[in-house]
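Let the sequences and hints guide you as you build the complete structure.
Protein chains in written order, with UniProt numbering: chain R, 1 to 462; chain D, 1 to 462; chain U, 1 to 462.
It is possible that part of the hints are untrue.
The list treats identical chains as one, so a pair stands whether inside a single copy or across any two.
DSBU-like mimics (lysine-lysine), calculated; alpha carbons at most 30 Å apart, straight line [as the list claims (entries may be wrong)]:
1) Lys61 <-> Lys286
2) Lys233 <-> Lys61
3) Lys286 <-> Lys334
4) Lys286 <-> Lys165
5) Lys233 <-> Lys286
6) Lys414 <-> Lys165
7) Lys233 <-> Lys334
8) Lys386 <-> Lys292
9) Lys334 <-> Lys61
10) Lys405 <-> Lys334
11) Lys110 <-> Lys445
12) Lys61 <-> Lys445
13) Lys165 <-> Lys435
14) Lys405 <-> Lys286
15) Lys435 <-> Lys74
No lab work stands behind these hints, which were simulated from the structure alone.
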Amino acid sequence: MTKSSSNVMALAPPAPNKRETVCIFGTGDFGRALAHKLLQCGYPVVFGSRGSQQPSSVVPKDAEVLSHAEAAQKAAIIIIAIQRQHYNFLTSLAEVLRGKVLVDVSNNLKINQYPESNAEYLAQLVPGARVVKAFNTVSAWALQSGTLDASRQVFVCGDDTEAKKMVMDLVRALGLTPLDQGSLLAAQEIENYPLQLFPMWRFPVFLSLGLTMFFFIYSVALTVIHPYVYQKKDFSFFIAITIPNQVCPVMALTLLGLVYLPGILAAILQLCRGTKYRRFPDWLDKWMLCRKQLGLVALAFASVHVLYTLVMPIRSFVNWRTSNRIVSQALNNKTEPLDNTRAWISDSYLALGILGFFFFALLGITSLPSVSNSVNWREFRFVQSKLGYLTLVLCTAHTLVYGGKWFLVPSSYKWYLPPIYMLSLIVPCAVLVVKFVLVFPCLDKPLTQIRQGWERNPQHSK
Amino acid sequence: MTKSSSNVMALAPPAPNKRETVCIFGTGDFGRALAHKLLQCGYPVVFGSRGSQQPSSVVPKDAEVLSHAEAAQKAAIIIIAIQRQHYNFLTSLAEVLRGKVLVDVSNNLKINQYPESNAEYLAQLVPGARVVKAFNTVSAWALQSGTLDASRQVFVCGDDTEAKKMVMDLVRALGLTPLDQGSLLAAQEIENYPLQLFPMWRFPVFLSLGLTMFFFIYSVALTVIHPYVYQKKDFSFFIAITIPNQVCPVMALTLLGLVYLPGILAAILQLCRGTKYRRFPDWLDKWMLCRKQLGLVALAFASVHVLYTLVMPIRSFVNWRTSNRIVSQALNNKTEPLDNTRAWISDSYLALGILGFFFFALLGITSLPSVSNSVNWREFRFVQSKLGYLTLVLCTAHTLVYGGKWFLVPSSYKWYLPPIYMLSLIVPCAVLVVKFVLVFPCLDKPLTQIRQGWERNPQHSK
Amino acid sequence: MTKSSSNVMALAPPAPNKRETVCIFGTGDFGRALAHKLLQCGYPVVFGSRGSQQPSSVVPKDAEVLSHAEAAQKAAIIIIAIQRQHYNFLTSLAEVLRGKVLVDVSNNLKINQYPESNAEYLAQLVPGARVVKAFNTVSAWALQSGTLDASRQVFVCGDDTEAKKMVMDLVRALGLTPLDQGSLLAAQEIENYPLQLFPMWRFPVFLSLGLTMFFFIYSVALTVIHPYVYQKKDFSFFIAITIPNQVCPVMALTLLGLVYLPGILAAILQLCRGTKYRRFPDWLDKWMLCRKQLGLVALAFASVHVLYTLVMPIRSFVNWRTSNRIVSQALNNKTEPLDNTRAWISDSYLALGILGFFFFALLGITSLPSVSNSVNWREFRFVQSKLGYLTLVLCTAHTLVYGGKWFLVPSSYKWYLPPIYMLSLIVPCAVLVVKFVLVFPCLDKPLTQIRQGWERNPQHSK
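As C-alpha cells, then:
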C-alpha cells in the first residue's frame, strides 16, 4: 500500500480537479522535500515566499512561486514549513488565511522548549484559520529518499474535524499512515515525540553498563589475575569468552531480580500505609515504569549467555583440556565409572537453565507491541506475573544447582571474595523470599483488599 | 506519546476552559482511580453520589462531591462507574441526563451474563442520553500505577458519532489509545473481551499437556525402567534431559501434523459432499480455528528440543561416555576408519533438522500479529501453506533419517513397544500421504472448483 | 474481539430493526460467501439477480432473491459482487441507486489492469450513488471458513464520510477490522494490494539464490572435488553440513555489506553532484528501497550459520576426528601444552561472531513492523545506522580473525583460488573503508550540509 496512485492521473478524464493545489509557506529543506513528494503524487504545489523571485532557484521546477497572500489564495491547505520564531508575519495575512487549513509541521530543538506548542501558538496568532498539526515526525531526508520504514506514521491533531480529515487524506495520498491524536491539546506531545531518544531505556542501559563494568573487573580479578599471581598461569584469553560468560548470566539474573523487586517494595509500602491512594516515592514510580526495559536487557544478557555456553565445545581451549584429560586417563590405564550424582547435577542445572531461558524468551515475545496489544489485561497479568515468577524461580534454581556444591568449599573463596555467581543470587533470592511471605493469606488478603480500593484509615486520603 | 501534556496547563492562558469538567457517578475503586488519573491530566472532576457528604472521605481531595443531579449538570461527559444492578435509579435522572454523554465503563463477572450488554441496557433506561461504551478494558490498578503496557487500548463504541468523538478525545488525553469499534451493538463483545483468558489457547495447551504426559511416561518406561529391570542400570538422571529431549521433538512433530490434518479432512469432506456451502462438523470448525495456536505450541516444543540437543556435548554424562569410548579405543591400540555412511546419515538428519527448524521459526515469525497484518491474503496463504508443508516434510524427513536404520532391528522394540519417535511419525506421514494424493489433478481440479463456489448437486443447498 | 455478537439477536427485543437489510448484486462465489457470513451475524440479506428465479438454487436458503431494482429498494447498502465488465447494466438502475451506498468488492487479475480503479469506474457509471471500496482484500474462502488470520484487515475508502462509516460498521460487525484509507482516489492502490506477492522481496531473494548457487559450487569444488582428485578422499557428505556452513556465513556477510553499499554510493553521488535534489539512478533507488529485505535475508543466513556451527560437536564426523586425534596422542604417549595464541584466536573469533550475531538479531527485531512503528525517526536512525555498522564491523572482524592466519599460506589457495571466506570479505571491507573515509570532517561536513538542503550550484535545480 505504499505506491502512490499517481499513474491514475495520466488517464482519468477529470484529472485537473482531482488533486487540489497545496500551498507551502517556506522554501527550506522540509518545504522543498514535501513539495517534491507532493508533485510526485500529482498535487499541484504553490510556494508562498517573501520575495516572489529570489527563492525560485531552489524550489522544484514544477512548483509555482508567488507572494504569501497570492499563494494562500490558491489553495485550501497551507503547509507552514517555517520556524516558530518567524510565525509573526502571519498575523498580517489573517484575512487571507481565514477558514484555511494551516498545517503546522514544525519541530523544536528541545523537549518542552516553549510553554505552549507551536501549533497552539499558531492557532492563537491566526484565530480565523483551522490549525492542524501533522508531518513533524517525518524527516525531509526520508520523504526525499522514499526510505520511510521508521516513520510511516504521521500523528495528526486539530480542533476542526473537517480540516483534520483533509490533512489525513493528504497524508494517505503520500503513502503515509495518519494517526488521529485528537484535539490540538495533543500538539505538545506530538512535537516532543521526535526529539526523544529512547527515554525509557536510559536508566536500564546505564544501570546495566555500570553493573557489567563492576562484575567484569571482579571476574577478571578472580579468574585471570588470581591464577597469574599465585600460579603464574596466563589465562588472559579468558577475557574473550570465559569471563563474559560469567558476567552475562550474573547480569541477567540480577536484572531479572530488579524487575520484580519494585513490585515487592510497592506491596510492602501499600501494606504499611493501608491504602493504595497515596503516591509511591518518585524513584519507585520511575523504577516501576522501566521494568519492561530492565527485563528486556536481562533477556539480552541471557541470550548472549546461552550462545557463549553453546560454543564451549568448539573452543580450542576446551578441546585441549578435554584431550589432555582423556589422554592422561588412557596413560593411567583406567576408565572412570559413571558418577551418578554428577550426572544428575549437570543435567539438572542445564535443564533448569533451558526451561528458564525458554520462559524468559516467551516473556520477551509477549512484550512485543503487537503481541501485548492483542491480549487483554487479565491475560497480560497472567503472563507477566505468573510466567515471570516461574522464570525467576527457574533461573535462580539453575544458578543454585550449578554452584551449590561449592558454597561450603573454602577454596572457592579466592582472596576471601565469593565467586561471582553467589553475588547474582542476592537480589533474586531476596525477592523470592519476600514474595513467598507475601503469598501467605494473613498478608495476601489485606493486600488484595487494599488493591481493590479498601483503606485502613479512610480519613487519611482527605 | 505516553506522557500526558498536563504541563501545558500551567502556562497556557485559557486553561480553565481548555479541559472540561468530567462527572463520575460512583465512588468505587474504578471511579476513584479514574478520577485520580483525570485530575492528574488537568480535568476538573465532580463526583455524583447518593448522600453528598458521606463518601467525600474516600474520593481524591481535588474532586468535588455533589448529588447526582447537581453533578450531572456540571459536565457534558458523565462516567457511570457503578454496577449494572444499580443502574435503575438513573431513570429518575432522565431529565438531567438528556443529551449528556454517558460513558458505560462496567464489566460483568461472566461472559454473556445478561441478554443485552450493560451499555445497551443503559441506553434503554435513559433513552435521551448518548451512551458510549469505553474504559472497561482498563484496570483500576493499571490506571493508578501508570503501568499500562498491556491495555493501552481502549475500545470505544456508541451510536452517536459526536459523543464517541468526545470520549475518544478524553481517552487520548489520558495517554491511552482509543479504538473505534462502531455502534453500540459492539458493546456485548467489548464487555466480554476483558473476561477472556486465552480462549483460543485452551484446547492446544490441554491437548499438548495430555500428550506430553503420555509420551513422558512411555519414554520413562522404555529408557529408564527397562534398563533398570533387565540390566540393573540406574539411568534416573535421564529424566532431566534425555527424556525431555525425546518427548519434545515427538510432541513438535505430532502437533505440526495435527495443524495440517484438519485441512486435509476438510478437503476430503468437501470432495465427498461436492459443495463448500455446508458447514463442517463443530469439532472440525473448532480444530481449524486453533491451528495457529497448535502450530505455535509445536514451535515451542521444537525450540526446547533444539536447546536440549545443543547442550548435549556439555553434559557430564556425555563427556563421560565419550571419554570412556576413546580411552578404551586407545587401550585397544586401534583407530577407527571413517564410516562414510554414518557420517552421511548423521550430517543429513542434522541438516534436515536445522532447515526444518529454520522454516518453522519463519512460520512463527510470520504469525506475529504485526507481521501477518502487513501481508495480504495471497502472501499469507503462500507462507502458511507452501512453507508450512515444506517444514512438515523437512521435520518428518529429519525423524525418518534419524531413526530409519532401527526400523527393522528387533532390539529397538523393547517390551514389544516401538521407540517413541516412531509414534511421532504416524500423524505427519498420514497427512503427507493424503496431501500427496490430493495433489493429483483428478482430485485437485474438482476440489479447486468446489472452493471457487461450484456445487455438484446445487439443489442440496436449498 | 472476533466473535460476532449474533447471540445478542436472539434476546434483545428490538432485534428486527437492529440489523439493517443488506442487498447483494451477484450470486457468484464471493456474493454467496458474504451472504452466509452476513446472515450468520444477524443481517437480513436480499440478492439482486437478473432472473429472479433461477439462481435461487445456489444462494443460502435464508436469503431472499429479487430483481435488481426490487432488491436495491429494500436496503441502504448494496454490495456489488459482480465483475467490472458487467457493471454497464447498473446505469439503467441509476434512479433506484440514487443515494444508496454501493460497495465495490471487485478485484482485478493484474496490477493496474485498467486506467482507473473499478470503484472510480463504478462511481462514474452511477453518479448519484455513494461508492465505497471495501472487502476486496478478504477471500471468499476465508469468510466461509472463519480462518481470517491474515486478512482481518479490510481497507475502506470512499468520498462520502457517512457512507464510509456505514460500511465500516458493517465490516466491524462481521468481526473484521476496517482501515479508513481516505477518499476514492485510494481505490487503485487497494485493488492492487491483494495481487501482490512479496514485491519487495523478489530482488533480494533472487539475488541471494544466485549468489548461494555460485558460492555452493565454488565451495564444493574446493572442499569435495579437490581432495577427491588429489588425495582420493571421499568427503561427499560435506554437502550436508560443512559446505552449507561455509556458504551461509559468506552469504550473510556479503548481503550485509550490500545493505550498506547503496548508502555509501548515494553519499558519494551527493558529494559529487553537490545537491540532494537530483534523483538517484533508478537501480540505486530500487536497491535502497529493498535494503531492509536484504538485511533480513542476511540475518536468515546468519541464523542458519549459527545453528550449523553449534551442532558441530554432535556430528559423527567431528566425533570421529576428535577421537582419532586423541587416540593417536595417547598412543604417542604425549600431552600437548596449551597454545595460548590458538586459544586467543579461537575465543576471539567466537566472541566476535556471537556479539555480531546478537546485534544482528537486535536489528532484525527492530525491523518488526510493530517495533519500528513504536520508535521515532531519530531512534530508528540510531538503531539502523549506529547498530548496523557495529554489526558489520563485528561480523567482518569475526571473519578476519577466523581466517586471518591463512591469508599468506600458499596451501590455502587450492587451484590458485582463494578460500570462500576471503571472497565474502570484499564487499564489507570496501564499505567499511569508504565509510571510514566519509567520516573525516572534510567530507562529512559538506555531506551533512547537502543533506540539510544546501546546494553547491543552486542554479542547477532550475
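Do the hints match the structure? See the list:
1. Taking CA atoms no more than 30 Å apart as the test, Lys61 paired with Lys286 passes between copies only; the shortest distance there is 24 Å, against 52 Å inside one copy.
2. For a Cα distance limit of 30 Å, the shortest separation of Lys233 from Lys61 qualifies neither inside one copy, at 73 Å, nor across copies, at 69 Å.
3. Taking identical chains as interchangeable, the C-alpha atoms of Lys286 and Lys334 are never at most 30 Å apart, the minima being 61 Å within one chain and 61 Å between chains.
4. Taking CA atoms no more than 30 Å apart as the test, Lys286 paired with Lys165 passes in neither setting, with 37 Å inside one copy and 32 Å between copies.
5. Taking CA atoms no more than 30 Å apart as the test, Lys233 paired with Lys286 passes in neither setting, with 46 Å inside one copy and 57 Å between copies.
6. Neither within a single protomer nor between protomers do Lys414 and Lys165 lie at most 30 Å apart by alpha-carbon distance, with minima of 70 Å and 68 Å respectively.
7. Proximity of Lys233 and Lys334 under a CA criterion of 30 Å is satisfied in both settings, with 28 Å inside one chain copy and 21 Å between copies.
8. Taking the closest pair of Cα atoms, Lys386 and Lys292 come within 30 Å of each other both inside a single copy (15 Å) and across two copies (23 Å).
9. For a Cα distance limit of 30 Å, the shortest separation of Lys334 from Lys61 qualifies neither inside one copy, at 89 Å, nor across copies, at 82 Å.
10. In this assembly of identical chains, Lys405 and Lys334 lie within 30 Å of each other by CA distance solely inside one copy; the values are 26 Å within and 33 Å between copies.
11. In this assembly of identical chains, Lys110 and Lys445 lie within 30 Å of each other by CA distance solely across copies; the values are 23 Å between and 47 Å within a copy.
12. Taking identical chains as interchangeable, the C-alpha atoms of Lys61 and Lys445 lie at most 30 Å apart only when they sit on different chains, with a minimum of 27 Å there against 74 Å within one chain.
13. Taking the shortest Cα distances, Lys165 and Lys435 never come within 30 Å of each other, neither inside one copy (52 Å) nor across copies (44 Å).
14. In the homo-oligomer, the alpha carbons of Lys405 and Lys286 never lie at most 30 Å apart, since the shortest distance is 39 Å inside one protomer and 51 Å across protomers.
15. For a Cα distance limit of 30 Å, the shortest separation of Lys435 from Lys74 qualifies neither inside one copy, at 68 Å, nor across copies, at 46 Å.
This entry does not satisfy hints 2, 3, 4, 5, 6, 9, 13, 14, 15, going by the numbered hints stated previously.
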